[in-house]
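S.K.: The primary structure of each chain is shown beneath.
Number of protein chains: 2
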Amino acid sequence: MAQRNILQFIILGLIHERPLTGYDLTKAFDNDIGEFWSAKHSQIYPQLKTLEAKALLTHTDEVTGEKLTRKRYTITETGQALLNQWLRAPTPESHNGKDEFVLKLYFIQQQNDPRLRPMLIEQLMLHEQRLNHLTQQLTTKFPTGANATDFGHFLILTHAVRRERDYTVWLQDALHQL
Amino acid sequence: MAQRNILQFIILGLIHERPLTGYDLTKAFDNDIGEFWSAKHSQIYPQLKTLEAKALLTHTDEVTGEKLTRKRYTITETGQALLNQWLRAPTPESHNGKDEFVLKLYFIQQQNDPRLRPMLIEQLMLHEQRLNHLTQQLTTKFPTGANATDFGHFLILTHAVRRERDYTVWLQDALHQL
DNA sequence: CAAAAACATGTAAATAATTACATGTATAAA
DNA sequence: TTTATACATGTAATTATTTACATGTTTTTG
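Protein sequences, first through last, are from chains A and B.
For the first sequence, position 13 (counting from the first letter as 1) is numbered 13 according to the working numbering, and the numbering increases by one without interruption.
To get the working numbering, take the position in the second sequence, counting from 1, and add 1000.
Think of the hints as simulated: they come from the structure by calculation, not from any bench.
Incorrect hints may appear among the rest.
To be verified - Here are some of the chain A residues that sit facing chain B, going by a computed Cβ distance under 8 Å: (1) A81; (2) T91; (3) K98; (4) Q177.
As the list claims (entries may be wrong) - Partner residues aside, some chain B positions facing chain A, computed with beta carbon under 10 Å: (5) T1091; (6) E1128; (7) R1130; (8) W1170.
Every residue gets a Cβ at the ideal spot worked out from N, C-alpha and C, and that includes glycine.
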């Protein structure tokens, strides 16, 4: 029962831009794409093996310091073809992820329930922090706005900023209704 | 390595409102909470067994038609205590779900890439449809706005509507930048 | 009335994801 | 120089999730 294994495409997409190590790939999810996907190193390393076995990528060993050799992965032409195929294919309707906080809200019925205010305030703080961080990322990485050679990256960062801003405003509105 | 198993809380929360069958619980994810969580019946039925073994819920058999007996699940007091504990606990920062479409965008660098327009248009249609559906749900279920006894439900529906509206506007903006 | 759809409940099998365990090297900080 | 942190790469074990398989009953539709 093959599911769609999107992680393979993400890996191919990332190394298509430039060759990367397994560690680089893992760290990538701490940054911008981590707002829209998640993967741990323990998933990534076996996946790299699988993709290499399918000739979608190859690796070269490079020497760091005195002893360590790291593996740097490069996409193959076969890999590029598959990546492009994925990019061109219609994207199935997504299911919007899991928001535990929202589920909690659903189960609180009374507008005057005393649990509401602390919940909303706590989340507001988290989301404000995230909004600030993302806004900063956007101005740091794209100081003059969209540019023609990093357009997709710009788009998704604006998306993340808008999402957090909207979430923040919604939380504030909810607090005002108590 | 216990993860947090949020599904158990969702099940408890749902049957706390009123007793439900396994089938009802499964169908619940087709509706409002499905915008924020996902579960299949094959996950739900074993979970119900586990929760009953832990005395967090019980079931009664009720007769339908001539032969069929369905199981209707009711939360126990132990279950209620656990549910309340979860509701009161701080909610860990969520990871925002997986958006395949956004990942595709990330890998498209050139603003004039011919793949962009069809992608954006396709997603715009999907999200407009979803926005319409959710807006309708909101007006159908809450014709006069927030009410004091279904407040949480109202909040999350407005959240879903806003999210889709924001997504739609973002897609439109992106299209105007091509 | 027959067929289709909805209701109802499982289990098995496989993939995906997370936590845990493990080892070692190189660089930065104290 | 030593310690702490980051870099680097695995594997094992477990939980979570999805797809597949399966059977039967009741209600709705044609």
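S.K.: It remains to establish, for every hint, whether it holds in the given structure.
M.R.: These are the hints, each one checked on the structure:
1. Taking 8 Å as the C-beta cut-off, the interface hint given for A:A81 is violated, the closest approach to chain B being about 14 Å.
2. The beta carbon of A:T91 comes within 5 Å of a beta carbon in chain B, closer than 8 Å, and the hint placing it at the interface holds.
3. Proximity of A:K98 to chain B holds as hinted, the smallest CB-CB distance being about 5 Å (cut-off 8 Å).
4. Hint status for A:Q177: holds, given a least beta-carbon distance of 6 Å to chain B, under 8 Å.
5. Hint status for B:T1091: holds, given a least beta-carbon distance of 5 Å to chain A, under 10 Å.
6. Among the interface hints, the one on B:E1128 is violated; its C-beta lies about 12 Å from the nearest C-beta in chain A, farther than the 10 Å criterion.
7. For B:R1130, the shortest C-beta to C-beta distance to chain A is roughly 8 Å, which falls under 10 Å, so the interface hint holds.
8. Below 10 Å, beta-carbon pairs count as interface contacts, and B:W1170 has one with chain A at about 5 Å; its hint therefore holds.
Violated hints, in rising order: 1, 6; the structure is consistent with all others.
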